[in-house]
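> Letter by letter, the chains look like this.
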Amino acid sequence: MIPEIGHFALIIAFCLSIILAVIPSWGAWRRNTGAMALAPGLAVGLMVFVGVSFACLATAFLQDDFSVKVVASNSNSMLPPIYKFSAVWGNHEGSLLLWALILSLWTAAVALFSGQLPLLVLSRVLSVMGAVAVGFLSFMLLTSNPFARLLPGTPADGNDLNPLLQDPGLIIHPPLLYMGYVGFSVAFAFAIAALLGGRLDASWARWSRPWTNVAWGFLSLGIMLGSWWAYYELGWGGWWFWDPVENASFMPWLAGTALLHSLAATEKRGLFKSWTVLLAIFAFSLSLLGTFLVRSGVLTSVHAFATDPARGLFILVFLALVVGGSLTLYALRAPAVTSRVSFEWVSRESLILCNNVVFLVATITVLFGTLFPLIMDALGGGKYSVGPPYFNAVFVPLMALLAPFMGLGPVSRWKKDSTRRWRQELALPAVVAVLCGFTLPLFNASYNLWVALAVALSAWLVLGLLRDLWYRVRGAATLATGLRRITPSYWGMFLAHLGFAACVTGIVATSQYNIEHDLKMSPGDTEQLAGYEFTFIELVPVRGPNFVADEARFEIRRDGEVVARLAPQKRRYLATGQVMTEADIDGGLFRDLYVAMGEPIGEGGAWAMRLHYKPMVRWMWLGAILMALGGFTTVLDKRYRRQRSPAIAKGAVHVAQA
Amino acid sequence: MSPRLKLFIPLILFTGMALFLFRGLSLDPRELPSALIDRPLPDFNLPVLGQERLLQRADLVGEPALLNVWATWCVSCRVEHPYLLQIAASGVPIYGINYKDEDAAAARWLAELGDPYRANIADREGSLGLDLGVYGAPETYLVDAEGVIRYRHVGVVDERVWQTILQPMYQQLSASGDRG
Amino acid sequence: MHPIRKQRLYLVLFIVLFSSAAAGLVMYALSGNINLFFPPAEVARGMAPVGQPIRVGGMVVENSVVRSDDSLAVAFELTDYEANVTVVYEGILPDLFGEGQGAVAAGRLDEQGVLRATEVLAKHDENYMPPEVAHALEQSGYDEKGKAQ
Chain L
1 MIPEIGHFAL IIAFCLSIIL AVIPSWGAWR RNTGAMALAP GLAVGLMVFV
51 GVSFACLATA FLQDDFSVKV VASNSNSMLP PIYKFSAVWG NHEGSLLLWA
101 LILSLWTAAV ALFSGQLPLL VLSRVLSVMG AVAVGFLSFM LLTSNPFARL
151 LPGTPADGND LNPLLQDPGL IIHPPLLYMG YVGFSVAFAF AIAALLGGRL
201 DASWARWSRP WTNVAWGFLS LGIMLGSWWA YYELGWGGWW FWDPVENASF
251 MPWLAGTALL HSLAATEKRG LFKSWTVLLA IFAFSLSLLG TFLVRSGVLT
301 SVHAFATDPA RGLFILVFLA LVVGGSLTLY ALRAPAVTSR VSFEWVSRES
351 LILCNNVVFL VATITVLFGT LFPLIMDALG GGKYSVGPPY FNAVFVPLMA
401 LLAPFMGLGP VSRWKKDSTR RWRQELALPA VVAVLCGFTL PLFNASYNLW
451 VALAVALSAW LVLGLLRDLW YRVRGAATLA TGLRRITPSY WGMFLAHLGF
501 AACVTGIVAT SQYNIEHDLK MSPGDTEQLA GYEFTFIELV PVRGPNFVAD
551 EARFEIRRDG EVVARLAPQK RRYLATGQVM TEADIDGGLF RDLYVAMGEP
601 IGEGGAWAMR LHYKPMVRWM WLGAILMALG GFTTVLDKRY RRQRSPAIAK
651 GAVHVAQA
Chain W
1 MSPRLKLFIP LILFTGMALF LFRGLSLDPR ELPSALIDRP LPDFNLPVLG
51 QERLLQRADL VGEPALLNVW ATWCVSCRVE HPYLLQIAAS GVPIYGINYK
101 DEDAAAARWL AELGDPYRAN IADREGSLGL DLGVYGAPET YLVDAEGVIR
151 YRHVGVVDER VWQTILQPMY QQLSASGDRG
Chain Z
1 MHPIRKQRLY LVLFIVLFSS AAAGLVMYAL SGNINLFFPP AEVARGMAPV
51 GQPIRVGGMV VENSVVRSDD SLAVAFELTD YEANVTVVYE GILPDLFGEG
101 QGAVAAGRLD EQGVLRATEV LAKHDENYMP PEVAHALEQS GYDEKGKAQ
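Protein chains in written order, with the numbering used here: chain L, 1 to 658; chain W, 1 to 180; chain Z, 1 to 149.
To be clear, the hints were calculated from the coordinates, so they are not data collected in a lab.
Think of the CB as a built atom: it goes at the ideal place given N, C-alpha and C, for glycine as much as any other residue.
It cannot be assumed that every hint is accurate.
Each pair of labels, with its calculated beta carbon distance range [unchecked claim]: (1) Leu9(Z) to Phe113(L): 39 to 45 Å; (2) Ile537(L) to Tyr83(W): 50 to 56 Å; (3) Thr118(Z) to Gly115(L): 56 to 62 Å; (4) Leu313(L) to Thr118(Z): 25 to 31 Å; (5) Ile15(Z) to Trp450(L): 26 to 32 Å.
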């Protein structure tokens, strides 16, 4: 019964989304206030019904209703309840429902928190989001109904959730990632609404900025969690694979980063108007493209769900409609005349331009590398694969190029700055940064030029930021009043740039100083690694709720002192028989010790073992968290909360009608 | 170039990419080239499940048929089983290869879930499976009237697979068989 | 020239230069880092280049996996039922690797036609289970000790 309610709620939500896509936009066209005023109510209704539908599917999972097909193939009665819940989105149908739920949440959030928006704009924005919802809900109802039953032939027990997905990180990774992905639909909707209205001024940039920043923050968190999950769950200590699915989430992030900066220039200076609109379309298009790549099976990936060409075709048609439609609209409506606002070469604008070019080129190189196998296959050139070395080779120089300009950005002034002022402000940070770059890596056993470069660039970013912060607070009577004067927008930028510096340092240090030993070990054996003694104590069988495992007990000493005890496992999940490596990690700010089991070798209890020493690997995730916090902080800025009164919004409509 | 035309560049680039994506839909990146298509079914001499008699290659030849590799240890076989019953009910001959399985368990399975098979070859050691190049179960082969393998489907046969792939090929094979 | 025009000219120049540098970088990175897939039959026919990074995929031949007793070196054969390719690899094999199962090895062919693999990936499909794993699963389900092998 409950699945039928869920299915029914989904159908109602689908109808609501059609109404939301049609009526308010018709109202906006005919200037019909009544029709436009329906939009917020419809948006909330959409959220309620998608929410009911989601709750029904979650109930089916929690109650082990194996007559529902997705439950039977992705859950099992032995599964711990929390994983039964996360299994809801551990499959194609359920993850689409999650996608739709998050889209409806964003839509309702726009409806509820946009009191200051003119009704005309609000109705257009909500209509565009409603149209996106129509696409996703019809996709679900036509090709991937999550409530399909297995009647007759209900199995006694389910197939179990893929063991790789039975992990705390994977409970929140997809929701966060989708919050980011789907959140770009808000920026997209604002851009389309602005194109439809023909008013591409600073106000649309101001309205969409907080939404974009929050979505970008969620996406950063989501990507970070995915990387963290791969690190400790896939069992070989890698944290980024340039896998098509990872790229699918990374490309919107890159485009979104360009969009954030470009929006700032559009809001503050009225510059790059059409360019910013285009970036907003890009960011969301790349989110949709990512969905297509993951769901259609055109690319192989460890992440891919079971795929189906019919679904792929549906998403491709949807993609063509949304992206093709919005780009056509862009071509017809974007202002073709260049803006009259000018700026000097030495100014913040040109640095933002620099950021945009670097991030856009980075997006395109990742896109190209991801699609290259597909293009070659389509041209009959054979089955190629593009490995991580390609991405590293193009990405590292791009980021290295970015960092020097990035240090200048926060310090420089809009419109016109002078190189003399830059020299005055930044000479000291530059010198100190270079010194740091030369000296800090000396503390490690081996000197490494890459690390020196990374440290110098990061120090340059951090010192420049601190110097700028100092200039901003020093005029105040006390430090506290000085700090209080600084806007949340500035703090957001500060945190995000700081996070980027931490991330770069972590990535370079861990890639360069990482030590990995793969070797055969018997109980009692000891191995030296980076000054640590790893002793394999014993091998014990253990039993979990839905798996059995061999557990290796390790003791790790440094200078005779025990610093950690690790117990990696080799699990065999009972329902599927799938074998899984469960690594164990002793984490720290400056180094991780990582042990994973390979396979048994010969008789006598010897195993292949993977021992890692990973310095500063956590910096990159901490950096990503800082970046996300930065994205969230900017929303607190007062200027996004001004003009809250509904009277002004109504007034705007009257003006529009007159 | 006029400024307005420049704004069409993103649209044109996207259209090009969409064409590639469309082409990509019809390609399977995971496809392993199969060496067995259009080769004759290998010879074998194996017992029929639950019976004393032996079955040879010659017994299967004569009309187009499906050859379904299954086992009781195979969870997905349970998923496709009801569908095989439907296909068999529509008159399509299906031979089973009970792959690396126990006879008793297999007999119990057929008694419980129904038996869509003309006959079942008990391939206890997986020797026929090895000759056929079976990766695992389920797998389904389409064999024509001359005993030549025409198609191999890896994975579950469901409505979509049957209606879009197997059935059209089967009908074509039966039609040409009737003429000849 | 009008200052704004001049600025636009520089801007376009900058973007063109930067993009072509990036394109060059992409081409350079691509040339050394892509590899083509070959089925064993094509390797046997000598169609695969020696010393270039390639991938070979097929089924791991039963009883062909040979492990060293004192290191992580392992050798096995991949087949597409037309021809076999010997693969040698040193390191830890993925969880899903097994005899009679699909695998893809990436590496370079040596003069003897042996693939010196730097990476081995197991193919995997959730709806498609090799018999050995399923058997092991059944046993582990009933085995009180819960220990496999």
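> Next, verify each hint and record whether it holds.
Results for each hint:
Against the hinted window of 39 to 45 Å, the Cβ-Cβ separation of Leu9(Z) and Phe113(L) comes to about 44 Å, which satisfies the hint. Remark: the range hint 50 to 56 Å for Ile537(L) to Tyr83(W) is upheld by a beta-carbon distance near 52 Å. Range check, Thr118(Z) to Gly115(L): about 59 Å between beta-carbon atoms, so the 56 to 62 Å window is met. For Leu313(L) and Thr118(Z), the hinted distance range of 25 to 31 Å is not satisfied, since their beta carbons lie about 37 Å from each other.
At roughly 28 Å, the beta carbons of Ile15(Z) and Trp450(L) sit within the given window of 26 to 32 Å.
This entry does not satisfy hint 4, going by the numbered hints stated previously; all others are met.
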